[in-house]
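> The chain contents come next:
2 protein chains.
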Amino acid sequence: MERPATSVDVEPPVTVQGAGELATLARILPRLPRGDRTELGPGDDAAVVAAPDGRFVVTTDLMVHGPDFRLAWSTPYDLGWKAAASNLSDVAAMGAAPTALVVALAVPGETPVADLEALADGLREACAAMAPGCGVVGGDLSVSATLTVAVTAFGDLEGRAPVRRDGARAGDVVAVSGALGRSARGLDLLFRLGVDHEGVPDARAAAALRRRDPDIGWHVAPTPPVADGPAAARAGATSMLDLSDGLALDAGRVARASDVVIDLSSSLLGDDPAAALAGGEDHSLFATFPPDVDLPGGFRAVGHVHDRAGGAPRVTVDGSEPGEPGGWDPYRLWSGARG
Amino acid sequence: MERPATSVDVEPPVTVQGAGELATLARILPRLPRGDRTELGPGDDAAVVAAPDGRFVVTTDLMVHGPDFRLAWSTPYDLGWKAAASNLSDVAAMGAAPTALVVALAVPGETPVADLEALADGLREACAAMAPGCGVVGGDLSVSATLTVAVTAFGDLEGRAPVRRDGARAGDVVAVSGALGRSARGLDLLFRLGVDHEGVPDARAAAALRRRDPDIGWHVAPTPPVADGPAAARAGATSMLDLSDGLALDAGRVARASDVVIDLSSSLLGDDPAAALAGGEDHSLFATFPPDVDLPGGFRAVGHVHDRAGGAPRVTVDGSEPGEPGGWDPYRLWSGARG
Numbered sequence: 001m002e003r004p005a006t007s008v009d010v011e012p013p014v015t016v017q018g019a020g021e022l023a024t025l026a027r028i029l030p031r032l033p034r035g036d037r038t039e040l041g042p043g044d045d046a047a048v049v050a051a052p053d054g055r056f057v058v059t060t061d062l063m064v065h066g067p068d069f070r071l072a073w074s075t076p077y078d079l080g081w082k083a084a085a086s087n088l089s090d091v092a093a094m095g096a097a098p099t100a101l102v103v104a105l106a107v108p109g110e111t112p113v114a115d116l117e118a119l120a121d122g123l124r125e126a127c128a129a130m131a132p133g134c135g136v137v138g139g140d141l142s143v144s145a146t147l148t149v150a151v152t153a154f155g156d157l158e159g160r161a162p163v164r165r166d167g168a169r170a171g172d173v174v175a176v177s178g179a180l181g182r183s184a185r186g187l188d189l190l191f192r193l194g195v196d197h198e199g200v201p202d203a204r205a206a207a208a209l210r211r212r213d214p215d216i217g218w219h220v221a222p223t224p225p226v227a228d229g230p231a232a233a234r235a236g237a238t239s240m241l242d243l244s245d246g247l248a249l250d251a252g253r254v255a256r257a258s259d260v261v262i263d264l265s266s267s268l269l270g271d272d273p274a275a276a277l278a279g280g281e282d283h284s285l286f287a288t289f290p291p292d293v294d295l296p297g298g299f300r301a302v303g304h305v306h307d308r309a310g311g312a313p314r315v316t317v318d319g320s321e322p323g324e325p326g327g328w329d330p331y332r333l334w335s336g337a338r339g
Numbered sequence: 001m002e003r004p005a006t007s008v009d010v011e012p013p014v015t016v017q018g019a020g021e022l023a024t025l026a027r028i029l030p031r032l033p034r035g036d037r038t039e040l041g042p043g044d045d046a047a048v049v050a051a052p053d054g055r056f057v058v059t060t061d062l063m064v065h066g067p068d069f070r071l072a073w074s075t076p077y078d079l080g081w082k083a084a085a086s087n088l089s090d091v092a093a094m095g096a097a098p099t100a101l102v103v104a105l106a107v108p109g110e111t112p113v114a115d116l117e118a119l120a121d122g123l124r125e126a127c128a129a130m131a132p133g134c135g136v137v138g139g140d141l142s143v144s145a146t147l148t149v150a151v152t153a154f155g156d157l158e159g160r161a162p163v164r165r166d167g168a169r170a171g172d173v174v175a176v177s178g179a180l181g182r183s184a185r186g187l188d189l190l191f192r193l194g195v196d197h198e199g200v201p202d203a204r205a206a207a208a209l210r211r212r213d214p215d216i217g218w219h220v221a222p223t224p225p226v227a228d229g230p231a232a233a234r235a236g237a238t239s240m241l242d243l244s245d246g247l248a249l250d251a252g253r254v255a256r257a258s259d260v261v262i263d264l265s266s267s268l269l270g271d272d273p274a275a276a277l278a279g280g281e282d283h284s285l286f287a288t289f290p291p292d293v294d295l296p297g298g299f300r301a302v303g304h305v306h307d308r309a310g311g312a313p314r315v316t317v318d319g320s321e322p323g324e325p326g327g328w329d330p331y332r333l334w335s336g337a338r339g
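Chains A and B are the protein sequences, given in the same order.
Residues in the first sequence are numbered from 1 upward in steps of one, following the UniProt record's numbering.
Residues in the second sequence are numbered from 1 upward in steps of one, following the UniProt record's numbering.
Bound-form chain A, shown alone (with noise of 0.2 Å):
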């Protein structure tokens, strides 16, 4: 049939629903990377991978839309992105090497195929970035109110002990390596600027503020030095951990696990050195060293480990008890009833 010239086709997005999981799964599959490690991939009951030292690391994370982000804010490339980016930044803490990730998504039925496709780009690039070679060796498409992703991320610790939250001693230096508060900066801007007049999360609003301030773009879809965590093994750290909740949170948690103070120079944290004690989700790397260590990679200084001397295990900033930290719960003001 002829159409007249002036038509416009608007054909409404193919949706999850509409396609069905089949046809779903084989416009993402393609998108994935395979992987240097995988010795079977997605398509069986099971995927096989490499442990080429006979064990593997494995961590896994919850993304929740609602609790953990927000679509007005993040694009699904953004997701993907995120959900790799914090997985290996898990993987790469215990001084491991990524190898692959698993994915299972649950969405809205009404979900277009073409956002997965995104949030497979997502997932594809930021291994790319982060941690080349690493696959995505298989997965799982369910339907659900409630857009959710699960990662799970597996490394390889190349013959090393992993290095564990409890190996801090007297001595140490304390190290980190990436950005300090930039995450959360980001989403307060967020939640003060990137929302309608009713205080409603705005798509609109957050694109413009993204193109002004880089820390939106950090918060929604940060880039961890994951490679920073097998470098970190090799050069001795005694102690590592993922900055997920916010320096001094994350550093107390280092303190009691290996029984020690862990005293933090402000003159070492940057311009704004409450941000960077408090500040949630850089997924920056946390690690403590032998004094004579010559820090590996993107690390610097920012404190020492004390014995503790009778007192409590804790965290102290130049030399003195900081304020109590709450634990990071960013969407804590948020209600889900909203945007």
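Hints in this document: simulated from the structure, not taken from any laboratory.
Even glycine gets a Cβ: it sits at the ideal position worked out from N, Cα and C.
Certain hints may be false.
[As the list claims (entries may be wrong)] Just the calculated beta-carbon pair ranges, DEER-fashion:
(1) B:198 to A:17: 24 to 32 Å
(2) B:20 to A:13: 34 to 42 Å
(3) A:208 to B:274: 55 to 63 Å
The hints should help you fit chain B onto chain A, whose structure is shown.
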């Protein structure tokens, strides 16, 4: 203050939101099995699991309230059990012995912590029953409007090649281990009788039904023959699959991957061959074996593999095409807004 002797204390249950993440985890973690292959368990950024033959098998699966289960019909213990069972079965279907699970939960804030303890008990007892020595090595806990259970499971191939879907050869015996159609029959009973007068899922009706009919318990907490997966691999199985979508549909996957005809014998499919062909979620094992093999464990012959002789790869029953089996979508009649 003295209380009158007649007072009855009815404490509201402690919820996840009330207890907070750390206190909730402190109550769950001690209930989980450590596992024989666990080198480092929960508590750090990631866990470490042994992979003795230098590879590991991995599969992931989401269970979402609504599309996959209803709390009126499944107890939290059932949920934990089924989440473990369905993933252990996918590992077994590669011919691997399960070694570990990680479990990520997204739950409404008002969920009682006791429910998560029961879910942990279900995970533990399912591992003990189907895969002794398999541990739960890590996880994540988030708040969500939609109860979601994401399990990732790992297995050890013990030096063997993975048993894939594409290895069935003309002349092979087709065999099955485990129930066929019981889970679907149980779900059908729940849809018809486990509801109140308005058709809404009803816990009391479902509990009464469960006491009368064992297929209800099989649907909400099946016990697939996990040990028969490695046994089939040792016996020389040429292909294998977890039966999650019904025998006809899943056999078709093997037929297409292997480019063969799979002929099933209705006389070998029990009292109700139609139910055996169509019913999903038994998580039984489908496998093909060379003709001279003594079938291991609980496997029994249900048909043969033939050359496709110029025709399409397909499933036949007694030599003829069966009616087209639809995809297994157990809750397809279900509105998300109901119960």
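> State for each hint whether it applies.
Evaluated hints:
no.	hint	verdict
1	B:198 to A:17: 24 to 32 Å	holds, 26 Å
2	B:20 to A:13: 34 to 42 Å	holds, 40 Å
3	A:208 to B:274: 55 to 63 Å	holds, 60 Å
Hint check: no violations occur; every hint is consistent with the structure.
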